[in-house]
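Chains L, G and H are the protein sequences, given in the same order.
In this text, residue positions in the first sequence follow this note's numbering: the first is 1, and each later residue adds one.
In this text, residue positions in the second sequence follow this note's numbering: the first is 1, and each later residue adds one.
In this text, residue positions in the third sequence follow this note's numbering: the first is 1, and each later residue adds one.
Misleading hints may appear alongside valid ones.
[To be verified] Capping the alpha-carbon separation at 25 angstroms, the derived lysine to aspartate or glutamate pairs in DMTMM-like fashion look like this: (1) G:K189 <-> L:D130; (2) G:K62 <-> L:E2; (3) G:K62 <-> L:E117; (4) G:K82 <-> L:E117; (5) G:K185 <-> L:E117; (6) G:K36 <-> L:E117; (7) G:K62 <-> L:D130.
[As the list claims (entries may be wrong)] Here are some chain G residues the structure puts well away from chain L; computed CB gaps all over 12 angstroms: (8) R64; (9) A153; (10) S167.
By construction, these hints were calculated from the structure, which means they are not laboratory data.
Here a beta-carbon is modelled for each residue, glycine too, at the ideal position from N, C-alpha and C.
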Amino acid sequence: MEFLFVTLIGVAFAIASLVLLSLGLAIIYGMMGVINLAQGELIMLGAYTVILSSAHGLGVWGGIVLAPFVVGAIGLVIERCIIRFLYGRLLDTMLATWGLSLAIIAAVTLALGPTTEGVATPLGHVAIGDYALSVYNLFVIAAAAVSVAFVWALFNFTKFGLIARGTMQNADMVAALGIHPPTIYMATFALGSALAGLAGAVMAPLTGVVPSLGLAYIAKVFITVTVGGAAIFGGTLGAGVFLGGIESAVSFISTPIYGQVAMLGCALLVLRIAPQGISGLWRRRG
Amino acid sequence: MKVYLKQTGGELVGEEFIPLDVVNFDSVIQRLQAAKPDVVMSLLVGGNHIAFYRQFAAAGLKDRMTIASATFGLGNEQVVLKPQEAEGIVVIYPYFQELDNSVNKDWVAAWRKRFGSSYTYITDSACTVWNGWHLWAMAVNKAQSLDRDKVIAALESGLTFESPEGSIRLDPKSHHVVHSVHLAKVNDKNGFSIMESFANVEPADTMKVCDLFANPNEHKQYTPKY
Amino acid sequence: MASARLTALELLLWGAAAVAVAVLPSVLSIFSVVQITVFFIFCLLAVSLDLAWGLAGLLSFGQAAFFGVGGYVYAIISMNDATTLAALVAAAGAAGVAAGALGYVAFYARLSAMFLAVMTLTVTLILLQVMGSTADPSYHIGMAVLGGYNGMTNIPSLALDPPFVSARALGPIGFFWTVSGLLIGVVVLGRLLMIAPFGRVLVAIGENEQRVELLGYDVRWRKLAIFSLSGAVAGLAGALFSSWGSFINPEVFSLAQSAQVVIWVLVGGRGSLYGAIVGALLVQGLTQYLGSIGTAYTTLALGSILVVFVLLLRRGLLPTIVRGVTGRIAAADGVRQR
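Just chain L, same shape as in the assembly (with noise of 0.2 angstroms):
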């Protein structure tokens, strides 16, 4: 009874860190299709932003906090000097930002080093039976759950939620009710990058923060965010509940490289029955 308790929060465990990786690429893929390569780089800076505010007395939480304005602030930067030339321009938006990758995890490695001292994972754990869970996998399943309502409640109950949600409908149509598209761009892709900064902050705890830590990361959000399709919610939830539901209950029931061929195997599948990816079977895209 208790290995299903624990299986069941490892599978819920594994699907909330999925979307709350992705939920920011999700966000500049539906908004601007644009897909950003360097997201994983990204979601590295959150991390090292953890690990440097902690060395410097702040703490973790405070780190956690931090890192949203941070890597927001870079994404900021980094559409206005690159990304703003390339819109509409889905292919070469792809080399571009991996090219940016690179170069982010060069700066990092030798602004910082290959290896730092990391946080140890905090929160401590608790015993369900003989076995033994981390409490902070629930913490970031209740961070991925705020995140999302958080978005969401953006997008449907404010003012900028509105003007995007119609940018990201008919451009055109903004910008003859006189509102800049480009600034709207601008917005959503810092938010995006805010919240890669804060899913990799709050992922930092948990692995070895490392500039190469985006790589493990990149692959894995690209296929969701591809399969789930433009719409960001149902799509991205949708493909992170599918996606990681099958990934972490097969690693579960018998090897991790199963779970990733598993993974992998079943992206491929949605993407063939449905090329727009999950949301393009109930949306078009104009």
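Put chains G and H on the given structure of chain L with help from the hints.
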């Protein structure tokens, strides 16, 4: 590993291979909790696998099981992990920065002077490279030539070198090095405390099967049978 | 964009290349010859991507997958007592078939270019996982142990061993000539393909697929054909790579390797086949040089180059230079450049 386990009467309760880019070790940790081993032997490598040690400690398993590893430390994992997470992990290498001999003391001082006194930690890999180059240089000086065959002949004449790890010797037949090996565990200063030292450890199983005098062109990778 | 006709200049270029290749080993050290051989193998891989991407506009992140398939098939077959030439042919064939299977799924279902890019990337990653999990010695095909992330070692080097003739080993120089010969051969064949009607239709497909279809051509089998050919050439490169180092491991299926192939063609310029060669040589040469300073600098330089090229030199080096030169010549002739 399986060979030695069998010889000493141990029992293998589980075995897992992890892809290099896995960061989520939940399923592995759960299986560990179910199997309840006394010792976990870790051969994990790479930046992503550091996550295992972190998640292992977070699940509170450090009190229940000891981790022994033949790969931990080569990537300065004990620097990335906080002391309370890594303390007590048992490793075994020919070289540790903490070794107490005069050659090592001079070497570490010279290293710090060249690369800065805040240099993180000198790993066994650094010493291995140092050994390799010096053995080659000794052979070239002995052969008085850079010609490949002459240098190999000089290398095969049984060279000894005072390395920072202790005295090492090149075994002529297997082309392997006879090391001084030290058993250590991670301490609370992002380094290691040495528990026991073994001098002149020969690569016994390779020496049994590999004779490069008799078969100089052999290039086969030997693995122990179990 | 390369011209639609074979100019005399181009034929001269091929002749000069052949002569240069024949003469090179006598002026360079063995070490340099071996180094250039692997650079040429990468050029071959870059050319394979250019055949699909430059000609028909099919961006595939999967050239690394076909490269790896070719490498592994060569290793497996040659280690099972077959002749190395047979292994080479089988490797190219296997990669071509793999590309054909992938292409069939993508083109006959009329799926988008984005899907092709994502699918090829996903397949490469799957191969990475699968090959990486074969660490246990029980994973073997005949006498070839697959080795997981440790890779396969002791792969027999390519030798001249056609059936019914006694085998003759190829030293480093012989191997260099073989690789160069294959590279020149593929480029010549590729150019001939481009000026043939088949090639012209492919270029048209790259420009506007819908228009070509409306003109009555079946684009599907054409795309499939060029994609399979490109896969076969990548597999050939992979087999040569296995033979060159006597080693292969799942790293060939990594995200980094897939991206590198695209970077080579992007930097050199696609559509002319020569651009791919220039790009591969330049980037690999730069990586080699910077690597001696420190790997972080290599990544920094590569990343920056990629960003700069996408933003400023969209067409890549070769087309930009060619345009600049022909523009100047035209201006000198008093003709306005269009």
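Consistency of the hints with the structure:
no. : hint              : in the structure
1   : G:K189 <-> L:D130 : violated, 33 angstroms
2   : G:K62 <-> L:E2    : holds, 21 angstroms
3   : G:K62 <-> L:E117  : holds, 19 angstroms
4   : G:K82 <-> L:E117  : holds, 7 angstroms
5   : G:K185 <-> L:E117 : holds, 18 angstroms
6   : G:K36 <-> L:E117  : violated, 30 angstroms
7   : G:K62 <-> L:D130  : holds, 15 angstroms
8   : R64               : violated, 9 angstroms
9   : A153              : holds, 39 angstroms
10  : S167              : holds, 30 angstroms
Taken one by one, the earlier hints fail for this structure at numbers 1, 6, 8, listed in ascending order.
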